[in-house]
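Q: Sequence:
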Amino acid sequence: MNETDRSVGAATAAFDRDLAVPAGRTKGATPIGCAVCGAEHQIKLAAAGPDAPCPACGCLLREGSQQAERLCHRLSEAFGVGPEEVAPDTLISDVADDSLARVELVMELEDELEQQGADTRLSTEEVEQIRTVGDALRLLIEKQRPAGD
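For the sequence shown, this note's numbering begins at 11 and goes up steadily by one.
Watch out, some of these pointers could steer you wrong.
[Stated by the list, open to error] Pairwise CB distance ranges (calculated): (1) 110 / 41: 36 to 46 angstroms; (2) 121 / 94: 18 to 28 angstroms; (3) 103 / 48: 15 to 25 angstroms; (4) 41 / 90: 15 to 25 angstroms; (5) 52 / 117: 13 to 23 angstroms; (6) 63 / 109: 30 to 40 angstroms.
Derived from the structure by calculation, the hints contain no laboratory data.
For each residue, glycine too, the CB sits at the ideal point set by N, CA and C.
Go ahead and model the full structure; you've got the sequences and the hints to work with.
A: Below you can see the structure in the form of structure tokens.
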């Protein structure tokens, strides 16, 4: 090996070391969290195309994030709280503690479903299972999926 090869080898090693990623991370991947299920993933965004499905729940990561942001904003307005108080892991009871709030929640969900062109009917069982904003988000996404998916 000549001096030039050693120089190039050392420079390459330094470059690789500078770009090293922590254990459990994929080189060239961007850490991204799923707004729907909360799972953290390493996604190579360029390879993923315009959006990538969450390996845990199947929700499209970027679309789910946008929908979570939109729902959190709507619910913060409906419940009269600051937007920073509403996130996917927020308990509905922490931001709205009366039965009228549950009606507001259902109205917001139905309105969001209507805007997305999805079936707006929510069963009593579906509504009763909503404990967090994330639960509401999962229900919205489930309702928007074509039957059979």
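Q: Provide an ascending list of the numbers of those earlier hints which the structure does not satisfy.
A: 4 and 5
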